[in-house]
Amino acid sequence: MIAQLFLTALLALVLVYAWSAHRTVPIIGLFASVAALAGLYFVWVPEHATALAAFAGIGRGSDLVVYTWVVISLLIMLHLHLKLRLQLDMITRLTRAVAIDRARESRRDARPPRKRRAVMSARKTETPPIGLQAKK
Amino acid sequence: MTEIRNHRIRNPWVVVAAYNEAAVVGSVVSGIRRAGYTVIVVDDGSADRTGDVAVLAGAVVVRHPINLGQGAALQTGIDFALEQHADALVTFDADGQHSPAAIAALLAAIEQPGVDFALGSRFLTGATANLPASRRILLGAAIRFTRASTGLPVTDTHNGLRAMTARGARTISLRQNRMAHASEILHQIAQSRLRFVEVPVKIEYSAYSLGKGQRMTDALTILIDLFARRLYR
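Heads up: the protein sequence lines correspond to chains F and P, in order.
Taking my numbering, I'd label the letters of the first sequence as residues 1 to 136.
Taking my numbering, I'd label the letters of the second sequence as residues 1 to 233.
Just chain P, same shape as in the assembly:
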């Protein structure tokens, strides 16, 4: 099933950062390809066959020779897609918790005049399945922190599903290599003064994706990363 778009976005690229995701990245890429999008997988120095599996599934693969982190991989994917004349970009997780159906909704949101970013929110409709209570508490604290530090009235944070126009993507320059990049993107959106909208998206948590997700201790690391980044040029 291929979705054909006949709007101002003609060459959208889906950017997937993957590290040791050989078990699921093939089906993730296939799903996105079936929906009719070009996919770039940034293999972030995986020790398994993530890159090869992604190529076989039909993705354009960029390989980091060493592992740098999700933020660094996304920025590599954004840079490469812009170089290939992408006019819109969608970031998508490699662990299979996102649905390719959400891509069309995100792209439709940035088709609106003046909108450069569409941020997926799992809390707008309450459709997110299997979200553990501990993760809900952690995300609640992160959302309050993000609202206070960026001034953006977001309902979700650290959600990997987002879309941006090429103009929006050019204002993003991630220097947080690891998980703090999700907060950094929101900071940079706030600084760019470009318009954003939130789009309800459904996240399907599985035992696999929860095993790969963030823990309480990661929240502290993210805070330290964000603070340290402000100390140097």
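Isolated chain F (complex conformation):
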């Protein structure tokens, strides 16, 4: 009974994990859910596990549960691998943004500064310095 409760708690956690994985990698979420639900069923109805194991040529029902667990572990590993790829996608976008931004800046710096318009400079000469106005 203790083992059953322990496995149920673990498989319930796998179900939660599968639900969160479903949003980013739907196929992993689906497989992990199916494997976890199958695991839960066999934990609570071990005679069916034994019957299915005998049918599949595995031998004991408990071995079948272990194999189900191995499958779940492999799916989680695959999910982590895909998650790493997603993170690489994000790093790529960030790197690209930084690279383009820097190139944009260096092109802007390389351009000769704009000349002031003639009208503006003429107006400036017309206005006397502030100090001179104060003396008047």
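Think of the hints as simulated: they come from the structure by calculation, not from any bench.
Keep in mind that the hints are not guaranteed to be accurate.
Calculated pairs, SDA-like style, for lysine to any residue (alpha carbon to alpha carbon, straight line, at most 20 Å) [said to hold, decoys possible]:
no. : chain 1 : residue 1 : chain 2 : residue 2
1   : F       : Lys83     : P       : Ile143
2   : P       : Lys202    : P       : Ile143
3   : P       : Lys202    : P       : Ala104
4   : F       : Lys83     : P       : Phe227
5   : F       : Lys83     : F       : His48
6   : F       : Lys83     : P       : Arg175
7   : F       : Lys83     : P       : Thr221
8   : P       : Lys202    : P       : Asp52
9   : P       : Lys202    : P       : Ser134
10  : F       : Lys83     : P       : Thr38
11  : F       : Lys83     : P       : Arg178
12  : F       : Lys83     : P       : Leu226
13  : F       : Lys83     : P       : Leu223
14  : F       : Lys83     : F       : Val71
15  : F       : Lys83     : F       : His22
Computed, partial: chain F to chain P, Cβ under 7 Å [what the hints assert, rightly or not]:
no. : residue
16  : Met90
17  : Thr92
18  : Thr95
19  : Arg96
20  : Ala97
21  : Ala103
Quick list of simulated restraints, FRET-style, between CB atoms [claimed, not checked]:
no. : chain 1 : residue 1 : chain 2 : residue 2 : range
22  : F       : Leu94     : P       : Ala23     : 25 to 35 Å
23  : F       : Asp63     : P       : Ala23     : 55 to 65 Å
24  : F       : Asp63     : P       : Ile66     : 27 to 37 Å
25  : F       : Leu94     : P       : Arg170    : 16 to 26 Å
26  : F       : Pro113    : P       : Asn11     : 17 to 27 Å
27  : F       : Leu94     : P       : Asp52     : 19 to 29 Å
28  : F       : Ile27     : P       : Arg147    : 23 to 33 Å
29  : P       : Ala207    : F       : Ser73     : 44 to 54 Å
30  : F       : Arg60     : P       : Arg170    : 57 to 67 Å
31  : F       : Ala56     : P       : Ala141    : 36 to 46 Å
We treat Cβ as the ideally placed atom computed from N, Cα and C, and that holds for glycine.
Once you've looked at the hints, dock chain P against the given chain F.
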């Protein structure tokens, strides 16, 4: 010698992705500049002076702070060139195996009305020099795979020489950072339903370019990358 084009393409940019190519990138950029084109070199986090050499040769250089791969570098170059109002783009390898003369032929192909992509093919004329037998077998398998997976009747694949209009370039969004990008581009061309043509190009293999090229094991990596990409959003 400057080639002057007076057609609808007025501002073509040549995109070169380069990683540790300081030994050859200068002459590659000079050749393209002499042919009269603007060049953007994406220095993909090189440990040598690739970026500096390219700047001295007259290229606009965009530097990745870290190495990401050829596919990522090309997409960066495409994004930057489009931002600079390029109306056509040509992708060109940095290892010196492509001839600048091919650029005019590729651009002429996308000048045709309704054509948005011109793909270089080294097998249309048989003019490619020094192609080793092992590379020919590998490319043959890749071509068959590409035809089956994209439905495009291409005669070459994983050829870095290609041209696209700005409209075509906007439909390309490479997420394969490394070598699988060449297959991804063909997939995206097929999905875009835009027209493409193949243009015969000559590739000059040298000991240097062969040393940098793909190997048998890379083919497996490309297949894994393509498969893994289909599993997640």
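Just to be careful, I want the Cα atoms of Lys83(F) and Leu226(P) compared with a cutoff of 20 Å; is the pair within it?
16 Å, holds
Given Ala97(F) as an interface hint, is its Cβ closer than 7 Å to any Cβ of chain P?
9 Å, violated
Can you confirm whether the C-alpha distance between Lys83(F) and Thr38(P) stays at or below 20 Å?
Cα-Cα ~38 Å, so violated.
Verify the proposed pairing of Lys202(P) with Asp52(P), using a straight-line Cα cut of 20 Å.
Answer violated: Lys202(P) to Asp52(P) is near 28 Å, above 20 Å.
For a C-alpha distance cap of 20 Å, please report whether Lys202(P) and Ile143(P) respect it.
18 Å, holds
Starting from Lys83(F), check that the Cα of Arg175(P) is at most 20 Å away, please.
This hinted pair holds, its Cα atoms lying about 14 Å apart.
Assuming the hint says 27 to 37 Å, is it satisfied by the Cβ distance from Asp63(F) to Ile66(P) or not?
47 Å, violated
Decide if the proposed pair is consistent with the structure: Lys202(P) and Ala104(P), CA atoms, cutoff 20 Å inclusive.
13 Å, holds
Pair hint outcome, Lys83(F) versus Arg178(P) [Cα-Cα no greater than 20 Å]:
Cα-Cα ~17 Å, so holds.
Holds or violated: Lys83(F) to His22(F), with C-alpha atoms at most 20 Å apart
12 Å, holds
May I ask you to test the hint 36 to 46 Å on the CB atoms belonging to Ala56(F) and Ala141(P)?
37 Å, holds
With the threshold set at 20 Å, check whether the alpha-carbon distance from Lys83(F) to Leu223(P) stays at or below it.
Since the Cα atoms of Lys83(F) and Leu223(P) sit roughly 19 Å apart, the hinted pair holds (cutoff 20 Å).
The structure is inconsistent with the numbered hints 1, 5, 8, 10, 16, 20, 24, although it conforms to all the rest.
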